[in-house]
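The listed protein sequences derive, respectively, from chains A and B.
Per the numbering used here, the very first residue in the first sequence carries number 1; after that it's consecutive.
Per the numbering used here, the very first residue in the second sequence carries number 256; after that it's consecutive.
The reader is advised that the hints may include incorrect statements.
With a straight-line cut-off of 20 Å between C-alpha atoms, the simulated EDC-like cross-links for lysine to aspartate or glutamate are [claimed, not checked]:
id	chain 1	residue 1	chain 2	residue 2
1	A	Lys83	A	Glu64
2	A	Lys83	A	Glu17
3	A	Lys131	A	Glu197
4	B	Lys568	A	Asp80
5	B	Lys555	A	Glu63
6	B	Lys568	A	Glu64
7	A	Lys168	A	Asp90
8	B	Lys471	A	Glu124
9	A	Lys168	A	Asp85
10	A	Lys246	A	Glu229
11	B	Lys555	A	Asp85
12	B	Lys555	A	Glu64
13	A	Lys131	A	Glu196
14	B	Lys471	A	Glu126
15	A	Lys18	A	Glu64
16	A	Lys37	A	Glu17
17	A	Lys168	A	Glu196
18	A	Lys37	A	Glu197
19	A	Lys122	B	Asp474
20	A	Lys119	B	Asp474
21	A	Lys246	A	Asp223
22	B	Lys568	A	Glu63
23	A	Lys168	A	Glu76
24	B	Lys382	A	Glu63
25	A	Lys168	B	Glu559
26	A	Lys37	A	Asp217
27	A	Lys122	A	Glu134
28	A	Lys193	A	Glu40
29	B	Lys382	B	Glu559
30	A	Lys83	B	Glu559
31	B	Lys568	A	Asp90
32	A	Lys18	A	Asp33
33	B	Lys382	A	Glu64
34	B	Lys568	A	Asp85
35	B	Lys555	B	Glu544
36	A	Lys131	B	Asp474
Selected chain A positions facing chain B (Cβ under 7 Å, derived; list incomplete) [to be verified]:
id	residue
37	Asn60
38	Leu62
39	Arg88
40	Arg89
FYI, nobody ran anything at the bench for these hints, they're computed from the structure.
Since the model is a prediction, treat every value here as computed from it, not as a measurement.
The C-beta atom is built at its ideal place from N, Cα and C for all residues, glycine as well.
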Amino acid sequence: MATAVQQPSDAPMILLEKVNKWYGDFHVLTDIDLSVKRGERIVICGPSGSGKSTMIRCINRLEEHQAGRIVVDGVELTNDVRKVDAVRRDVGMVFQHFNLFPHLTVLQNLTLAPIWVRKTPKAEAEATAMKYLERVRIPEQANKFPGQLSGGQQQRVAIARALCINPKVMLFDEPTSALDPEMVAEVLDVMIKLAEESNVTMLCVTHEMGFARSVADRVIFMDRGQIVEQNTPEEFFSHPQNERTKLFLSQILAH
Amino acid sequence: MAAQPGETGATAGTPIPKAQRAVFWNDPRVRGIFYQIIAVALIGGAVWWLASNTIANLNARNIATGFHFLGREAGFEIGENLIDYSPADTYFRALLVGVLNTLRVAVLGIILATLVGTIIGIARLSKNWLIAKLASIYVEVVRNIPLILQLFFWYSLITEFLPGPRDALNPMPGVFLSNRGLKFPLLAHEFAYDLALLLFAVGLIAAVVVGRWATKRQDATGRHFPTIWVNLGLIFGLPIVGWLLAGAPLTFNAPSLQGFNFVGGASLSPEFSALLLGLVIYTAGFIAEIVRSGIQAVGKGQTEASLSLGLTKGQTLRLIVMPQALRVIVPPMTSQYLNITKNSSLAVAIGFPDIVSVANTTLNQTGQAIEGVAIIMAVFLTISLSIATFMNWYNKHIALVER
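Here chain A stands alone, though its shape is the one from the complex (with noise of 0.2 Å):
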């Protein structure tokens, strides 16, 4: 980890040149280019299957992308496992499943990583944890499991849980596609508040356009595996450039 505190301040967050990833004979990713400043809130929409989420996975390489470079805070993903576990340190993820431990109370889904990788004392893990409870307002479910939870509490649980091991990006993967509507709103709060109140480097997938907007200091819509257009939230709800941009915003913003 040494070497991300040898980061000029100026020098991008994440860094993306040339990647491209194919499923079989699938081109997933075609020549992906994209930098990420520190602290900027970034949200990425497109069709269903256009490689939003796989490029976001690449980041903490949940997904290998074969050709080009990823490089996150200064560390370049490469085969080598300790650059892997070093970016997976700094880099939180939501998915759009929650996919919290089922076999684990909500406090030991939050205390997992920050006593396994962190090797912090689990008081302490345990003090952090809370704190983080309290942030996402349900410190009361603590000693809970996941099943006794609505889909937006345990949302909430997972940010809070990527969010114990104090990264310095966080990844939303459809954070809200997998909720019931009347629970959109309580996760979307807390993901505003996160915005508002830290300086975490933010890449969202989400089709939220009232939280983009608010939020995002960029949006960029990724069709066919391709980064098509970008800009901030003002320009591209209200002029948008390419012709695929303003079918698809005219298909969401429909109804």
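Following the hints, put chain B in place on chain A, whose structure we already have.
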């Protein structure tokens, strides 16, 4: 008690429209009671018929019932016994020898089949093509051949294809493999060995203490302790040090050929070896599939979430995947343990004196068929219920809490 409660309701003033009562034979409660009466009558009838039939037949043949025969002299040899036994002993002791033989093969079989099955189950999930295919072939071959054929195969392999004691295979000094089974040396009685055994026990206790201390220290300071390596050193290192300090003696009670057979040392009979081998290899095939399905039942998202938090692959398997796989594995595993125990009764086919074999001889000699069969049933019921009770307790212990 002038009127039924249902009828007073209508006159009480509030005009609740009364629901039409169903015809009584369409009421599920009435039907439920009716079915129960029929079930009890059928069972009672069957019991009465069996009992009266048995008593009538026993009377007709002048057979006295009861377990008095257990105290009489058995008068037959038993090939293998864990406790001292001679034909002059009672039937009770003969049956006890049979029970112990059954337990020996069942307990060893359960332990070995679990180990082999787990390894093969994990191997079948391996990314290595060759390993995965070999494991698949093993499973498909082993579980599609009837167990009794496999037992005959192993038994004839040992008794037909291995040489006699005079030409016994001698793969290493003191070990002889012949059609009389496997003979191997035992350590002779020496102070150094007692000391080593004592230190082994001390090492086990120390390991538990170290484990608790390490957990406590990790909770308090966050520092991790290489518990596994230190404990392995304690458990195996201490006895070795003790043995070295006592002069490192190496004296064996080795088997040697005298006349037509071996004396001294310890032995595994062909019957026991064939039965154990057959049971373990057969059941491991089923256990492999249970382990594989258990691991696969844990969603890929669990592994991804764990890796994304920075946990290593080993930690992910130990802390996330295995605890969840176990809850899928344990219930069907219980069935396999029960199967091993019950299948051990096939011992009778290759002449291993398990409880079924001994009880069979007993009932042939005494004519006490009902008692003999009752003893076999009681033994298997006791073993099976013990296994089931323990496994159910363990299952509850690891089960998930949901809502």
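So which hints don't hold here, by number, going up? none
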